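Asker: Spelled out, the chains give:
Number of protein chains: 4
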Amino acid sequence: MSSEFGNLLKISVFGQSHGKAIGVVVDGLPAGEAIDLEELDRFLDRRRTGKNRLSTARKESDVPVFLSGLENGVTCGAPLCAVIENGDQHSSDYSELRDKPRPGHADYTAYVKWRDQADMRGGGHFSGRLTAPLCIAGGIARQILSRRGVYVGAHLWSVGTEQDAPFPLRPTKELFETVAAKPFPVLDDQAGERMQALILEARQNLDSVGGVIECAAVGLPAGLGDPMFGGVENRLAAALFGIPAVKGVEFGDGFAAARSCGSANNDPFRMEDGRVVTETNHAGGILGGITSGMPLVLRTAMKPTPSIARPQRTVSLSAGENTDLVIHGRHDPCIAHRAVPVVEAVTAAVLLDLLLEGNHGTF
Amino acid sequence: MSSEFGNLLKISVFGQSHGKAIGVVVDGLPAGEAIDLEELDRFLDRRRTGKNRLSTARKESDVPVFLSGLENGVTCGAPLCAVIENGDQHSSDYSELRDKPRPGHADYTAYVKWRDQADMRGGGHFSGRLTAPLCIAGGIARQILSRRGVYVGAHLWSVGTEQDAPFPLRPTKELFETVAAKPFPVLDDQAGERMQALILEARQNLDSVGGVIECAAVGLPAGLGDPMFGGVENRLAAALFGIPAVKGVEFGDGFAAARSCGSANNDPFRMEDGRVVTETNHAGGILGGITSGMPLVLRTAMKPTPSIARPQRTVSLSAGENTDLVIHGRHDPCIAHRAVPVVEAVTAAVLLDLLLEGNHGTF
Amino acid sequence: MSSEFGNLLKISVFGQSHGKAIGVVVDGLPAGEAIDLEELDRFLDRRRTGKNRLSTARKESDVPVFLSGLENGVTCGAPLCAVIENGDQHSSDYSELRDKPRPGHADYTAYVKWRDQADMRGGGHFSGRLTAPLCIAGGIARQILSRRGVYVGAHLWSVGTEQDAPFPLRPTKELFETVAAKPFPVLDDQAGERMQALILEARQNLDSVGGVIECAAVGLPAGLGDPMFGGVENRLAAALFGIPAVKGVEFGDGFAAARSCGSANNDPFRMEDGRVVTETNHAGGILGGITSGMPLVLRTAMKPTPSIARPQRTVSLSAGENTDLVIHGRHDPCIAHRAVPVVEAVTAAVLLDLLLEGNHGTF
Amino acid sequence: MSSEFGNLLKISVFGQSHGKAIGVVVDGLPAGEAIDLEELDRFLDRRRTGKNRLSTARKESDVPVFLSGLENGVTCGAPLCAVIENGDQHSSDYSELRDKPRPGHADYTAYVKWRDQADMRGGGHFSGRLTAPLCIAGGIARQILSRRGVYVGAHLWSVGTEQDAPFPLRPTKELFETVAAKPFPVLDDQAGERMQALILEARQNLDSVGGVIECAAVGLPAGLGDPMFGGVENRLAAALFGIPAVKGVEFGDGFAAARSCGSANNDPFRMEDGRVVTETNHAGGILGGITSGMPLVLRTAMKPTPSIARPQRTVSLSAGENTDLVIHGRHDPCIAHRAVPVVEAVTAAVLLDLLLEGNHGTF
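Residue numbers (my numbering), protein chains in the order written: chain F, 4 to 366; chain P, 4 to 366; chain U, 4 to 366; chain H, 4 to 366.
Check before you lean on any hint, since a few could be wrong.
[What the hints assert, rightly or not] Just so you have them, the derived chain F footprint on chain H, three or more residues with Cβ under 8 angstroms:
no.	region
1	22-34
2	70-84
3	163-173
4	190-198
[To be verified] Now the in silico label distances, taken between C-beta atoms and shown as ranges:
no.	chain 1	residue 1	chain 2	residue 2	range
5	F	90	U	150	52 to 60 angstroms
6	H	267	U	173	33 to 41 angstroms
7	P	75	U	68	20 to 28 angstroms
8	F	177	P	224	49 to 57 angstroms
Everything labelled a hint here was simulated from the structure, so no lab data went into it.
Predicted model only: the values in this text are computed from it and were never measured.
By construction, the Cβ of each residue, glycine as well, lies at the ideal position given by its N, Cα and C atoms.
Extracted from the complex, chain F is given alone in its bound form (with noise of 0.2 angstroms):
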């Protein structure tokens, strides 16, 4: 386990936010597969820092440089690796963090885990930066599946109480390249400001926010997973908690559906053009943990960025006594709009290496 994941398709992600580089392994990759590197790059920027006044100014060029796997932009079978190196970096900041963890950091498990070993400049292994190699990979994951009629798009569901609107029954790859190509990612950009005024509120409040993202894949075939804790729900969820701040993954109507109603819930079978589908997809696409054909729909829950600047309550761990602490440095008063790509690019990794096991139930 740990920072690695996938059966056929194994995706294992390394680095430290000072360290000097960060990189992925996606071992499994079918051969033949053409890379757009100018797509990917796009796919990549749809993350990247200082592009506007809601994030941090640290720059990140997030140049990957591909180490193996790829001849003249071709996958070649063998594992493929993908390097960006660490710039701009301010350690100084982090000091102090050494001694006193900051409160909804991973400063104090990570201590306990690793003792003074632990890497914590910047988060460490835990930073929201080891999210770029993951959106490397998921965007190579996203081409090859998209060669296959799969598409899968993402939106700002919330920030806060702000809601945008869902996506409908039938979500469409034109749908999801209309959010991609937005500075905000959302299907109601009238809701879209009112997040970003949010967002706005938080840092002057020296404060953060959180949201949710609601991500979909169209195009995927009946019959992917298995019974139980095979299931695509369960692979999924084990793959999406592995994004920083992620506290929480619902497919379909999700928790909605625990104040739902049987009547209510249940989608009803329907033929249409000879093929079977539902008239409702509460389901998310998923029935006993294998796909419908319907729409794959899932939700996930990114907590507030837990570095704020007003001061906090925290403890010395050398003198083992209660103390604060003032977070220094540059942060994101929201990182949920920013994880919109990654959770695209997690969802795409595990669905690529859903397919490429196909559904093997019969034989």
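Starting from the structure of chain F, add chains P, U and H where the hints point.
Answerer: Showing chains P, U and H alone in chain F's frame:
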């Protein structure tokens, strides 16, 4: 994957609702653990049906027979296999379903995966019946954990729109036992009355209702779990989504955290009796995927029972045309209250697996 | 790990020699596969004891009862569980062994691992008895493979210093059937006579003797397996060493290749009927861990049965002092000939797992 | 699977012989382990080429650059990534090979798996070059083990028909160091001279020769490993077959045990200084898959280098007809002596993984 989870402790579930028997293999149990079969039976009893007007009339004795791994009531280190014979069944009730998939059930996806060979009598391998062997495995794990001072408990957090009180900041073994001893597993009995009224109302309406289960674990050491994809949340979610009808999993404040702000969601660290604790526990005892030593708190969303008595729209797979379906047989208008021990069982099994691994961050 | 192997096809073995029952769960079998129970019984019969003067007098009926996964003799996609009740036992024979570990057995290491709780009656979970459920799983895999034109067979390559003829360059289904039908599984019956004489001689000397089993598979497509650690050799070896008494595994010429030179060991490629073959098959059908389309050939070394009737030196674990031991009870002077179908079974199970994965190198 | 092995300690190898770089990710290393980079370089130096007339003229500097996981020369708990840039290459030498697969190489199976996209320059991902990152991972594991009193060493047991002396019953750290310090890694230098003569003779004959490597580990606690498929033998074999050219793996007496009898092969238990030992060690320190506390002893068979200078018969994949092939470029007439530290590396990595798991048989 499929019907198994765990790393050092592997739990493999088998059986179909109307097959000869259902059961579980638990591989990796430590040796020398005396299993209190009466306590185990009391645990299993909490998920049994036929106890009250809220559940189906189907009588389940669910007496486990241990084929291996247990000698004179003590684990011997070899894989433990427990089997429950399937008794009272009305397969005739299901004859129609092979052609007409029930909305909200796995009938259709199982058909896509396994074609006509799928044994869907009573839901086959997707049936809630399969949670009985899960409870055997988890009930045993729970006993082993309790000897190490780790206690796992759960309550029915909500049914439909009716909500129970939440677990306190520091739940206790005693509180868990109190709830477990109740005929209806809630903290606030008045809320419980309202929930039961909702369930009966759903039955009268030939409908069903969903619910949310909150589960907690106390006594866990800090430092369990690995970063990113090996986190405690990842591993618990991967297993919890294997429980039929679970559509969402959240830790700590989960989706509510996404509506909160950093200053409210961050848990301040404090020294207490020489150890590090947090003033609040919005993180649910997990930071960066690793246990903090605070109580582990999670919630699972259970969708409404898909089997309802009122007519529903579906298709005929043989005729390839729309049709209607009326589900006969006996079904629970709500399964959330019966799933409470199941969530405890799966949580306990994953936590024992993590404890067996220990904190190998240093060595 | 522990008592399980496989990726998409998981085989989990449980039981102790003198426990209530032994059995296996096979998770991931394709649905719709009719299992010929008579053919399966003939396969199981090949490892049974009591058939001739070469084996112990212990009578094993080993009639499997299928608890799940098989409906009307056809796999239904759900995990298959088969159980064999343990009948005729003489546990009294083993009372002394809890204190005096038998040389060459797992008694001592099981004691270190599981302390006094280890159930070592008849070898407990380490007993050769556990190869019966393995043969159920592998016998089923063998039938499924044969429907795809993949045939697995084995013969007793050597007993002590007596050697059988090797498989020809292109073994056939017919050859496998011929050997399987013989009371003593060799290609050269005269060599077989010499082997049997050696076994009887060992029994007369209150001793035992080892042997080597050669197994082959024909009809495999080229391209199965992954590079490095995901190779066909890696996966077969990982499973084959799970057969009690196996101390070595080699593919193709194996250790003989280490005594050879490149000009002799390289298999020249040739075109034959429009497909690529090799003139020789020193590689045993595997290059770079991936199947070449030539017959897969492997050999497993089985050590002599550790249970012998003559007095042996051991220790008393309770007294912590040297002592002697005389093993009573009935034991095979050689198990290699009975292990022939077991090697076939494990090989077939791994090959079916690989076939279910398919060649996902391109997509 | 594929290019990765390990459970709590995961080792993932990437790169192609003529790609930009090769490397390894080691996930799960305990934190706080100082890595002696000079000692690591001495270890890597043992597999380097260009050292003597026995090896190819290709110069490999193989200086690892650590991108993550190592801070100030100490492991920090995060995944460690080490990269080696590929320098001196003659890809032109390999242009012909895309069409004419080299006998004994993975060219053909890689083509079947990855089609024309396979990067087979210099053997691509199947190249012996990939053992350099393996040695980085294993060399680090070796240092961590040695701090716990566990020492791993190996020697060249045979080249062709020339054989070295075996390890004594109780090999020592000092013996391992003595062999490691020799230019040619044997116990008996006169045997070593004969082996080197054989290698030179093979080169003069435009041929190559194979060999066997014997590896041992001392200081291991008893009780590591699990029964059946989780055994130490299973896990070591699964990894060792990932070393290019390995065609056989045996433990203790291995295949020789199959020619022996029980009275000779059983290792009598004795008390020595209050602990249980065995008088002999035919079992190679493993009984029932679990360590006995005696030295672990294994052997790997390495086939002759498939690249030889004399003309060979092969096919043209494009023309679909027979043809001849002459391999140009520089190749080792024997790789067995260079593979000695590679076998140590893989063995050390698996043993560290097992030690991190510990003996969880009781708890």
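Asker: Run every hint past the structure and note whether it holds.
Answerer: Results of checking the hints against the structure:
1. With 9 residues carrying a beta carbon less than 8 angstroms from a beta carbon of chain F, the region 22-34 of chain H meets the three-residue requirement, and the given coverage holds.
2. Three residues within the 8 angstroms Cβ limit are the bar, and the region 70-84 of chain H against chain F gives 12, so the coverage statement holds.
3. Look at the region 163-173 of chain H against chain F: 0 of its residues bring a Cβ nearer than 8 angstroms to a Cβ of that chain, fewer than three, so the hint is violated.
4. As drawn, the region 190-198 of chain H meets chain F at 0 residues by the rule of a beta-carbon pair under 8 angstroms; below three, the given contact is violated.
5. Between residue 90/F and residue 150/U the CB atoms are about 58 angstroms apart, so this pair conforms to the stated range of 52 to 60 angstroms.
6. Distance hint check: the CB atoms of residue 267/H and residue 173/U are about 38 angstroms apart, consistent with the given range 33 to 41 angstroms.
7. A C-beta distance of roughly 25 angstroms is found between residue 75/P and residue 68/U, which places it inside the suggested range of 20 to 28 angstroms.
8. Checking the proposed 49 to 57 angstroms range against residue 177/F and residue 224/P shows it holds: the Cβ atoms sit about 51 angstroms from each other.
Figure legend: structure checked against the earlier numbered hints; hints not met, in rising order: 3, 4.
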